[in-house]
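Chemist: Just so you know, the sequences run in chain order A and B. Take the first sequence: its position 156, counted from the start at 1, is 156 in my numbering, and no numbers get skipped. Take the second sequence: its position 413, counted from the start at 1, is 1042 in my numbering, and no numbers get skipped.
Everything labelled a hint here was simulated from the structure, so no lab data went into it. Treat the numbers as computed from the prediction; the structure is a model and nothing was measured. Glycine included, C-beta positions come from ideal geometry on N, C-alpha and C. Possibly wrong hints are sitting among the right ones.
Which bits of chain B does chain A cover? Going by a derived footprint, with three or more residues having C-beta under 8 Å, they are [stated by the list, open to error]:
id, stretch
1, 788-802
2, 1214-1224
No more than 30 Å apart at the CA atoms, straight line, and that leaves these computed lysine-lysine pairs for DSBU-like [stated by the list, open to error]:
id, chain 1, residue 1, chain 2, residue 2
3, B, K1211, A, K582
4, B, K635, B, K829
5, B, K1211, B, K655
6, B, K1232, B, K1190
7, A, K6, A, K549
8, B, K635, B, K655
9, A, K582, B, K1190
10, A, K561, B, K866
11, B, K1107, A, K561
12, A, K607, A, K565
13, B, K1232, A, K294
14, B, K1211, A, K294
15, B, K866, A, K603
16, B, K923, A, K549
17, B, K1194, A, K582
18, B, K1211, A, K237
19, A, K6, A, K582
20, A, K26, A, K43
21, A, K603, B, K783
22, B, K914, A, K549
23, A, K285, B, K1232
24, A, K603, B, K1211
25, A, K6, A, K237
26, B, K655, B, K1078
27, B, K1178, A, K294
28, B, K866, B, K829
29, B, K1232, A, K582
There are 2 protein chains.
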Amino acid sequence: MPSLLKNSIPLSLQHVEINDAFWSPKLQVNREVTIPAIYQRCKETGRIDAWKLTWRPGQPREPHVFWDSDVAKWIEAAAHSLATHPEANLEAALDELIDTIARAQQPEGYLNTHFTVVHPEWRWKNLRDWHELYCAGHLIEAAVAYFHATGKRKFLDTVCRYVDHIESVFGAQPGQKRGYDGHEEIELALVKLFQATGEKRYLQLAKYFVDERGRQPHYFDVEAHERGEEPASYWAKTHEYTQSHIPVREQTLPVGHAVRGMYLYAAMADLAVAYDEVELLTACKCIWQHLVHKRMYVTGGIGSSRANEGHTADYDLPNATAYAETCAAIGLVLFTQRLQQIEPDAAYADVLERALYNGCLSGVALSGDRFFYENPLESRGQQQRWEWHECSCCPPNMARLLAALGQYIYAQHANEFFVHLYIGSAAQFDIAGKNVKLTQQSEYPWNGKIIFQIESEHEVDFTLALRIPGWCRSAEIKVNGEEVALAPLMQKGYAKLQRRWRTGDLVELNLAMPVERVQAHPQVRANCGRIALQRGPLIYGLEEIDNGKNLNDLVLASEEKLVVKFEPDLLGGVSVITGTAKRRRLAPWQDQLYRADAADTEKIFFKAVPYFSWANRAPGEMVVWMREG
Amino acid sequence: MPSLLKNSIPLSLQHVEINDAFWSPKLQVNREVTIPAIYQRCKETGRIDAWKLTWRPGQPREPHVFWDSDVAKWIEAAAHSLATHPEANLEAALDELIDTIARAQQPEGYLNTHFTVVHPEWRWKNLRDWHELYCAGHLIEAAVAYFHATGKRKFLDTVCRYVDHIESVFGAQPGQKRGYDGHEEIELALVKLFQATGEKRYLQLAKYFVDERGRQPHYFDVEAHERGEEPASYWAKTHEYTQSHIPVREQTLPVGHAVRGMYLYAAMADLAVAYDEVELLTACKCIWQHLVHKRMYVTGGIGSSRANEGHTADYDLPNATAYAETCAAIGLVLFTQRLQQIEPDAAYADVLERALYNGCLSGVALSGDRFFYENPLESRGQQQRWEWHECSCCPPNMARLLAALGQYIYAQHANEFFVHLYIGSAAQFDIAGKNVKLTQQSEYPWNGKIIFQIESEHEVDFTLALRIPGWCRSAEIKVNGEEVALAPLMQKGYAKLQRRWRTGDLVELNLAMPVERVQAHPQVRANCGRIALQRGPLIYGLEEIDNGKNLNDLVLASEEKLVVKFEPDLLGGVSVITGTAKRRRLAPWQDQLYRADAADTEKIFFKAVPYFSWANRAPGEMVVWMREG
């Protein structure tokens, strides 16, 4: 499929070997704790056995409309893990589960536990609310991942049969439903299925779902009428909730449920490339710009409101009630990576990195078996990670993101090789007709010195494009020990080292990484008079266990010197930021709620820890945005 | 009924004539605009005609379970108005409405529109949710007020027959329901009915309802079972919502729906006096102390959460989402006045005054025909007063409070005469066997100089107890031009001038009234680093119309001099507070949401207006708590 849109391709998992002091332990926990724990929970709750289709009315553990997606995301996570860390037992377990899933497929190709054993009569009756195509999408993504990891086609063939059935049900032909899912997901999955199989019908079906979205007469209203319901009684009140209020090409704002939106926009970006359609790309960019400039937490969290699990108004970013679902931050990574593939601009990787190191990573405990669904930026201590949740979308989503981390580091476009993220690893790729191995070593994110080493049997001409992060005010690069002038090399945030590379070439990148005091735009009411501490890509926060209570009352002097110290025994090894601050003494207040006397303050030493690592010790208060004055 | 508890009695409406530059115009608007407007809305919406009992199923304007209370509160407001400002037309209209209400009474005495014409089969079936006794309570209060205003007994006799019926239905005898209302109100109303009629059964019924509350087996669970419902499926989830989670004497915290609580606690205070019961008083004081020291806005607003229209946790006082229902602030006035009657301590009048001048008064527009249900302390401009609301409890509640304002100024206990509020007025009272007229003159709340003049045919020995407000750091008193030493006279916040008074005696009270910068307790997270401007009893706020946007970003220097100026043409004549502040410039931000550069600020002149007067001009932002640094 030809495309006039520029397009860089991420390196696949098999071509990237991660070996990193920060990430490798987390990936190990993901493989050894998180993925097994999620399987265990899926098993205990009935999600695995649901595929046997033996559930009967009146029995416990009734398959829920979401359940298939939880299992599918777990399979996807396990498949990514197999791609980099083959494991015979896991593969055997997956094969067995896939056999069960394949047996659950109905003669016409239909494949969904809830609508097979619980409510077969409601099949395709409520796309708006019931996640039927959403579950199909996750099955597709899982099957594609398993195919890429193992080369085995069985699951892929199963989902292809399902998609063939879906294609017969949905479309513009007489007798077909002109529908699309209330929870987007199948669209981006179908693009992956097309890429894996080469079958263009799948791409066309993705385009059909995206094009149809928001058209009048509105499909969700039509199907509501068919169910005998008043469309006006829709619980979410607006089709913005599902990004179907207007056709997608007319959309300019991120609205509604945040995860749904991110999945849709990701598919729109995929289709813009596949169909070479600038209009679709323009909508994506417009939405993305608006999102990251007006509606994104400093952690990369998005979707500030619990009410719609989504977006509200510009600059409405409350801290304590921040919803900022883990899945939404993951969705932002997915969407952003696609835009980055189209236009290599470090602004994308800046956002992706912000979300990855902060708003995503906070979603899983260091232990790997407890999770956050919501990621507030301030807490009174009531937030604790939970083991499992009835709506358990986030844990397997996080597991599949981590297992696929290798896909986010590098990308290639013609003879340009992009380094988007600084994660210790070795990349294998073919460029300018030669095979190259690039090794990256660093103590990132604790330290901004990164060393790259080239290995290639032959000398090779290509451009090594190193991202200079937006948070970095001063960077320098040495090639084989010799400093190069950076300014002439910079293109959209990347330092482009174009030269003939040979084995042994060493590139040293130094990113200055002082503590920054970040302010939010004056219209972010919650953060007026406050700063967030950031160092490198990491946002920091204060926890009660280190700093006592009343963290909102701490005030950092604007001239206060801040000290960074690596604590190897704290939270798996983190750099902390310390300094002194003031806090009002409580004693003089006695039982007064309001008083006009001058405040009596005490000086305290504070310690800030990386936001992603909060809530791993004793429960207590937390703040990201600290008063400054 | 003998009582060992000390008790001061407020002067009745007929004995206080208000003549005050601040309040008289507001009371005139209440009489001439608000009371007629509420009648008009009650008429248009069907609330008045509902009493004709002609509504039939399928017709519009189905009488709602709340409606009777709206009409009753209107009658009460109109009756208070007649007490001070007789008006033949209004009295005739009231007589006609009362005739209609009396005709609506059922043979057994029952009197409720909804449960007579809409759902007679549901009578007394859901006390928890359906406000049946609540409506009865407001009818009782209205009838008592009308009796006091006119001496006419018809309405009083009607409600007595209704109460006789209620007394037959509820009680501990076999065949009676051991119930009480989910929305307290009838309890305090029954105390008033007892006081008006001398009929002790009414007091006993009030005591029964209060004593029964929260006992096990829980009545609301019993009646839920009788309706075939699972008590556990109660929408409010907890009986704290109705203050019936435990028996009232065990209650120590203000919980649940704020208005309901205030009405209950008011009745508890009444019963503590009537039955000379210290235990009940102790519960009241404990709840009141907790409320005003940990859960009250600086405006006297209470009930911070919209979810339960009520209380949440200590120090949880968010500004933008403050619920702070007008009715709840009014309820705080009612509860506080009762405690003040039991123990004359200026701490009570301080709270009553705070609520009255701020959180109550903000509930009605200067024009008198638009209302706030919620009274936030910060707004983006989306809050506007509305003309009418389906749940329209607040407008007539405010109307009855204002029409009865005269009852809150003075109180008498033996030979002590208390001045609780500084409102220009003339009071007539008998003390030490003599008749006295006390005239109060001032420009309060704009000015702290208040002059009292005594008229009495005979010399008279009594104690004039003048409240020295908690907000005042420096007061002086002159009697007949001669300064008196204040300290020896002070008792629980009152300066007690005990002497032989004679006609022509002049007392001049001077309350220093500088602008105060009020801080909130450090545990009030929302207000860390912020101050509220207060002058005298008034809390101030900044509005966008005077100060531009991004009011949360304004920062007042702690040494900034603040200037007070009376503006006769602004908002009906108010003193404003002006000064200079800083605000970050928006231009340098361009489209950045976060940045680490030093802020570029601009100096601006700000003007703060009294909180009660906000939202009377163009829609826009508002803040009470201003940054200080």
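Chemist: Hints first: check each against the structure and report whether it holds.
Modeler: Structure-based check of all given hints:
1. Counting residues of the stretch 788-802 of chain B whose CB lies closer than 8 Å to any CB of chain A gives 0, which falls below the minimum of 3, so the coverage claim is violated.
2. Note: the stretch 1214-1224 of chain B has 7 residues with beta-carbon separation from chain A under 8 Å; the three-residue rule is met and the coverage holds.
3. With a C-alpha separation of about 22 Å, the suggested pairing of K1211/B with K582/A holds against the 30 Å cut-off.
4. Between K635/B and K829/B, the direct Cα distance comes to roughly 21 Å. Compliance with the 30 Å bound is thereby established for this hinted pair.
5. In summary, the hint linking K1211/B to K655/B is not supported, as the alpha carbons are separated by about 36 Å, beyond the 30 Å threshold.
6. Only pairs whose Cα atoms come within 30 Å are accepted, and K1232/B paired with K1190/B is accepted, the gap being roughly 14 Å.
7. In summary, the hint linking K6/A to K549/A is not supported, as the alpha carbons are separated by about 52 Å, beyond the 30 Å threshold.
8. Using a Cα cut-off of 30 Å, the hinted pair K635/B and K655/B is violated, with the two alpha carbons roughly 34 Å apart.
9. Between K582/A and K1190/B, the direct Cα distance comes to roughly 25 Å. Compliance with the 30 Å bound is thereby established for this hinted pair.
10. Between K561/A and K866/B, the direct Cα distance comes to roughly 50 Å. Violation of the 30 Å bound is thereby established for this hinted pair.
11. For the suggested pair K1107/B and K561/A, the alpha carbons sit about 56 Å apart, so the restraint of at most 30 Å is broken.
12. A threshold of 30 Å between alpha carbons decides the hint, and for K607/A with K565/A the separation of about 10 Å falls inside it, so the pair holds.
13. For the hint linking K1232/B to K294/A, the alpha-carbon distance of about 25 Å falls within 30 Å, and the restraint holds.
14. Between K1211/B and K294/A, the direct Cα distance comes to roughly 23 Å. Compliance with the 30 Å bound is thereby established for this hinted pair.
15. For a cut-off of 30 Å, the pair hint linking K866/B to K603/A is broken: about 43 Å separates their Cα positions.
16. Note on K923/B and K549/A: the hinted pairing holds, with a Cα-Cα distance of about 17 Å set against a maximum of 30 Å.
17. In summary, the hint linking K1194/B to K582/A is not supported, as the alpha carbons are separated by about 35 Å, beyond the 30 Å threshold.
18. A C-alpha spacing of about 41 Å is found between K1211/B and K237/A, which places the hinted pair above 30 Å, so the restraint is violated.
19. Distance hint between K6/A and K582/A is unfulfilled; the C-alpha atoms sit about 52 Å from each other, more than 30 Å.
20. A C-alpha spacing of about 24 Å is found between K26/A and K43/A, which places the hinted pair at or below 30 Å, so the restraint holds.
21. At roughly 70 Å between alpha-carbon atoms, K603/A and K783/B are farther apart than 30 Å, so this suggested pair is violated.
22. Among the hinted pairs, K914/B with K549/A is consistent with the structure: their alpha-carbon atoms are about 29 Å apart, no more than 30 Å.
23. At most 30 Å may separate the alpha-carbon atoms for a hinted pair to count; K285/A and K1232/B exceed this at roughly 37 Å.
24. The suggested pairing of K603/A with K1211/B holds, with an alpha-carbon distance near 26 Å, which does not exceed 30 Å.
25. Restraint check: the Cα-Cα separation between K6/A and K237/A comes to about 39 Å, which exceeds 30 Å; the hinted pair is violated.
26. In summary, the hint linking K655/B to K1078/B is supported, as the alpha carbons are separated by about 21 Å, within the 30 Å threshold.
27. The straight-line distance between the Cα atoms of K1178/B and K294/A is roughly 17 Å, inside the 30 Å bound, and the hint therefore holds.
28. A distance of roughly 36 Å separates the Cα atoms of K866/B and K829/B; the hinted pair therefore is violated under the 30 Å criterion.
29. Using a Cα cut-off of 30 Å, the hinted pair K1232/B and K582/A holds, with the two alpha carbons roughly 26 Å apart.
Comparing the model with each numbered hint stated earlier shows that hints 1, 5, 7, 8, 10, 11, 15, 17, 18, 19, 21, 23, 25, 28 do not hold.
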